[in-house]
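Chemist: With the hints as your guide, set chains S, R and Y onto chain W.
Protein chains in written order, with our numbering: chain W, 15 to 311; chain S, 15 to 311; chain R, 15 to 311; chain Y, 15 to 311.
It is worth saying that the hints were derived from the structure and are not from the lab. Mixed in with the good hints, there may be bad ones.
[Stated by the list, open to error] Below, in silico cross-link-like pairs of lysine-lysine (DSSO-like), each with a Cα-Cα straight-line distance of 30 angstroms or less: (1) Y/K155 - S/K155; (2) W/K165 - Y/K57; (3) S/K165 - S/K140.
4 protein chains.
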Amino acid sequence: MTASPQNAAYHHLQEPSEWLFGTVEPRFVMEAHDGLSAIIARKAGFLGLWASGLGISTSLGYRDSNEASWSSVADVVERMAEASRLPVLVDGDTGFGNFNNARIFARSIARRGARGVCIEDKQFPKLNSFIGDRHYLADTKEFSGRLRAIKDACPDLVLIARTEALIAGASMEEALDRAHAYAEAGVDGILIHSRRSDAGEIVDFASRWKNRLPVIIVPTRYHTTPVCTYQEAGIATVIWANHSLRASVRAMRQVSSRIFRDRSVSGIEGGISTLEDIFELLDYGELGEAEQRYLPQ
Amino acid sequence: MTASPQNAAYHHLQEPSEWLFGTVEPRFVMEAHDGLSAIIARKAGFLGLWASGLGISTSLGYRDSNEASWSSVADVVERMAEASRLPVLVDGDTGFGNFNNARIFARSIARRGARGVCIEDKQFPKLNSFIGDRHYLADTKEFSGRLRAIKDACPDLVLIARTEALIAGASMEEALDRAHAYAEAGVDGILIHSRRSDAGEIVDFASRWKNRLPVIIVPTRYHTTPVCTYQEAGIATVIWANHSLRASVRAMRQVSSRIFRDRSVSGIEGGISTLEDIFELLDYGELGEAEQRYLPQ
Amino acid sequence: MTASPQNAAYHHLQEPSEWLFGTVEPRFVMEAHDGLSAIIARKAGFLGLWASGLGISTSLGYRDSNEASWSSVADVVERMAEASRLPVLVDGDTGFGNFNNARIFARSIARRGARGVCIEDKQFPKLNSFIGDRHYLADTKEFSGRLRAIKDACPDLVLIARTEALIAGASMEEALDRAHAYAEAGVDGILIHSRRSDAGEIVDFASRWKNRLPVIIVPTRYHTTPVCTYQEAGIATVIWANHSLRASVRAMRQVSSRIFRDRSVSGIEGGISTLEDIFELLDYGELGEAEQRYLPQ
Amino acid sequence: MTASPQNAAYHHLQEPSEWLFGTVEPRFVMEAHDGLSAIIARKAGFLGLWASGLGISTSLGYRDSNEASWSSVADVVERMAEASRLPVLVDGDTGFGNFNNARIFARSIARRGARGVCIEDKQFPKLNSFIGDRHYLADTKEFSGRLRAIKDACPDLVLIARTEALIAGASMEEALDRAHAYAEAGVDGILIHSRRSDAGEIVDFASRWKNRLPVIIVPTRYHTTPVCTYQEAGIATVIWANHSLRASVRAMRQVSSRIFRDRSVSGIEGGISTLEDIFELLDYGELGEAEQRYLPQ
Chain W
15 MTASPQNAAY HHLQEPSEWL FGTVEPRFVM EAHDGLSAII ARKAGFLGLW ASGLGISTSL
75 GYRDSNEASW SSVADVVERM AEASRLPVLV DGDTGFGNFN NARIFARSIA RRGARGVCIE
135 DKQFPKLNSF IGDRHYLADT KEFSGRLRAI KDACPDLVLI ARTEALIAGA SMEEALDRAH
195 AYAEAGVDGI LIHSRRSDAG EIVDFASRWK NRLPVIIVPT RYHTTPVCTY QEAGIATVIW
255 ANHSLRASVR AMRQVSSRIF RDRSVSGIEG GISTLEDIFE LLDYGELGEA EQRYLPQ
Chain S
15 MTASPQNAAY HHLQEPSEWL FGTVEPRFVM EAHDGLSAII ARKAGFLGLW ASGLGISTSL
75 GYRDSNEASW SSVADVVERM AEASRLPVLV DGDTGFGNFN NARIFARSIA RRGARGVCIE
135 DKQFPKLNSF IGDRHYLADT KEFSGRLRAI KDACPDLVLI ARTEALIAGA SMEEALDRAH
195 AYAEAGVDGI LIHSRRSDAG EIVDFASRWK NRLPVIIVPT RYHTTPVCTY QEAGIATVIW
255 ANHSLRASVR AMRQVSSRIF RDRSVSGIEG GISTLEDIFE LLDYGELGEA EQRYLPQ
Chain R
15 MTASPQNAAY HHLQEPSEWL FGTVEPRFVM EAHDGLSAII ARKAGFLGLW ASGLGISTSL
75 GYRDSNEASW SSVADVVERM AEASRLPVLV DGDTGFGNFN NARIFARSIA RRGARGVCIE
135 DKQFPKLNSF IGDRHYLADT KEFSGRLRAI KDACPDLVLI ARTEALIAGA SMEEALDRAH
195 AYAEAGVDGI LIHSRRSDAG EIVDFASRWK NRLPVIIVPT RYHTTPVCTY QEAGIATVIW
255 ANHSLRASVR AMRQVSSRIF RDRSVSGIEG GISTLEDIFE LLDYGELGEA EQRYLPQ
Chain Y
15 MTASPQNAAY HHLQEPSEWL FGTVEPRFVM EAHDGLSAII ARKAGFLGLW ASGLGISTSL
75 GYRDSNEASW SSVADVVERM AEASRLPVLV DGDTGFGNFN NARIFARSIA RRGARGVCIE
135 DKQFPKLNSF IGDRHYLADT KEFSGRLRAI KDACPDLVLI ARTEALIAGA SMEEALDRAH
195 AYAEAGVDGI LIHSRRSDAG EIVDFASRWK NRLPVIIVPT RYHTTPVCTY QEAGIATVIW
255 ANHSLRASVR AMRQVSSRIF RDRSVSGIEG GISTLEDIFE LLDYGELGEA EQRYLPQ
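So here's chain W without its partners, still in its complex pose (with noise of 0.2 angstroms):
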């Protein structure tokens, strides 16, 4: 609830330039799933946040192959928004059905105070693109139509097309005729999706490309890619896509068996956050001071 001068400033984030294309570097997006991973990545500095389809569905206890409703997806992503006041960019995998289930989820998202959206051009219900080889395209007329409804219907969100052609085992051909029908179907960006462990096919892509619309990575196999690559290629927005996600469960592990183990939090005391830590996350200094201001004395 807070309205201190240094959040009121992301209010100034109004371009998609500002927090999610570079233009002379790549802009770097950083996963969250709850409104408290959101607090977190705007602590680290980010500017924007990507809304993960993986990072919701796994904090929720369900699998990434929409078991979660679109409308619980919205509620996350409104919590999100509140909570960092950052400008959030989310996975709408590939809409939640048909033209009309997209639309309705894009206009959603939209009031919770999402600023983007990115779809996907698979069939609902989709699988997470990491597993197995069940993985069929949409038909490009058909994924069009649902872009157009929802450009139609939320003009001022951002639409990113994702394609999985590379990931469906298509041909780089196939990419590229995909994302320059999306191009004209009227979305803001390309979204390249890649499972190798080298950044070759993006670089690949990239170049024939010719930016354009700004194109956007998510280096999740071939994380060891040095930055300059992307730079070098032209990429706008580079998406760290479940990092905060993998970063908890490993935490939430090592100390939940470790307590169990020990049948004592003493040993894992010292390497955890403090309870005041978590206030301060949170800005329970506001609600203090909302105390002082509105309560009678």
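Modeler: Just chains S, R and Y now, with coordinates in the frame of chain W:
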């Protein structure tokens, strides 16, 4: 959605003595704040969960002052119970209003799979017990009415009364008087809360209480006390109330800051869980098997 | 929250034959679309409710094309079940996706108090059966997988398969073949849907089906058929699928227009329910008694 | 999802004087309790909606004593605003707790499309104003703090203070003193509530208030008063607070009872709306056009 033998086994934890109240020695109950942390607690070996008000609030990006609505809390409880299949004791704060709000909340979480609820003798909206000095106790009779209303509405839900007498600066006699009144109201156990850094108050309470009902403690501040002290004092249950949350906060902060500074994830990749870990935690294997079973081949 | 004797009585309606499937004559199940209409159906004497997809969508202000998320539908079902304490058969549309979405939905409504679910052999997102010609049947094997997944996940939930074969213009043989396939998949009853204005199709189906499983019908279009026709045909259940909704629409439109024109409510005051009627329907008396019981006097 | 010219027109109702506060004569605001009733109010010609606490509670199957959570109320408000595209003034009851709960609720409904909120000077949980005698007024200073907190958090939301002084049996002077205090706190209008069967109290209040701020009334009990009385008294807004709900209750009860008795719908078929009426209200035509525009042909 899994129904594997080891999951099903937990359905036999029907009696409070099987997951919540220890007799020979205390049982340990682990904090969870979402579906994921609930699964992790289970994998670590815990037989019961504490759906922490602080934890749920924080992960939603709210402060622990009843900023989250009671139905939002109930939705999180549902995810914990379904994802982990563990018995869940829910931190019901003050019951979210009067006796009527309290019983509506209790019925809601019972439907969503909770097995117990704990409410504390303060007024709505509450403030976290570790913050400041504005902790005003509820009238004993009024609070007893809240307890009776829950018990009448949900006779199968384990009902714990938490007295904040010592937190509010009242005497040990007051704490004991309240505990006896709550016992008369029909509760199944007493949670005695202390924010001293040693277990003196707790041990004193337990020795004078003489096990009229099981005693539950939350050793957040007095964490250095060895478990044998609790055992000797006849404590039935020890709640590790916020440690999974605090572990995740430390890890997410460190990793987020490092990624922001490095403009790369390669420095942290080895120190966080893998995607495969996550797929295993969420039992993606079951989904694959189910596709074999239910989809045409 | 009431637990008065007449409410408690309904908890004895445990068997499908007690509220859903008639043997000597059909049972009648009434549409509800929110908590209020559920209470009204109960007061009128009905022993079971149909949580109508059209009704729920419309009252939420959505179209009956899966615009509402499955979790929003589940939330409405919960209000119906809790407010009325009647058994509820839920219109689950197509199951909201594939077998996995269907079983997740089924588990969700089972927790929320539903006693049965009906899904239809079309694809997600669906369109209301009384609109247009774009009704494409699902593959029989794939749909049977959806049914088996629900039955395995929720063995205690009454499972009804609704075939849209006749709506989609397929033959009676196709309808029967599908019904037999769904029976093999383990359903508890078959809903045969028709949009003809006479009951010919329904009677024909029933005579050839020979009561392998109970038959459920929805006489929305063929409403002039006398009930003895259904009885002779051996129909187990008649669903009045949208009549409470349609009654409310007519009344709200008339009253709203009259008030707008008159700039006064005095002309309609005598033709609408009183506040006291509403307080009685919602059992405010129980709240008053509970205040006596649970609040300090 | 429609964006047809007549819908878009309502977006010009930006100023409170255009939909809420009349100057020459009162403006009339119509109760709605869900998306459907909101659409119906719009079609009847109303330019603004009252999201009634009684109406929303009742349709959810809850009693008007804050049994519904604040976030459930906010979800209903969202459906009203999106489905009708009309400006909505939300009945915020007492603000759902203290100043902090009140401002969180206000922010939530503002995101969901509400244009104004009204809160009343009682304590949480409240009881409907037409029931019983247990109506205790909030401390004026404390309530003013709730008002200021909302105004600071949501400066663009029209803020109405409702005084229950006359309902609680306090004097006219007390009502006026409170109204002046709330004006100092920065509200945009005063709702003066009365449960007398004539407009005497209201007219008296207005004459002594001298239009310091717009006055809003709710003529539920004193419904026979002609509108010219309000006009002469300088009333800015008249809320028809529960009439759509009450119309629907009467109609649903009559129709449900008749169907139950007749075991047939043929007797009521002519007296209720048709499915086609519903398809027209919900603008299924737009969906058909959108399918033409967005689906491959």
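Chemist: Does each hint hold? Answer for all of them.
Modeler: Now for the hints, and whether the structure bears them out:
1. Y/K155 - S/K155: holds (28 angstroms)
2. W/K165 - Y/K57: holds (28 angstroms)
3. S/K165 - S/K140: holds (22 angstroms)
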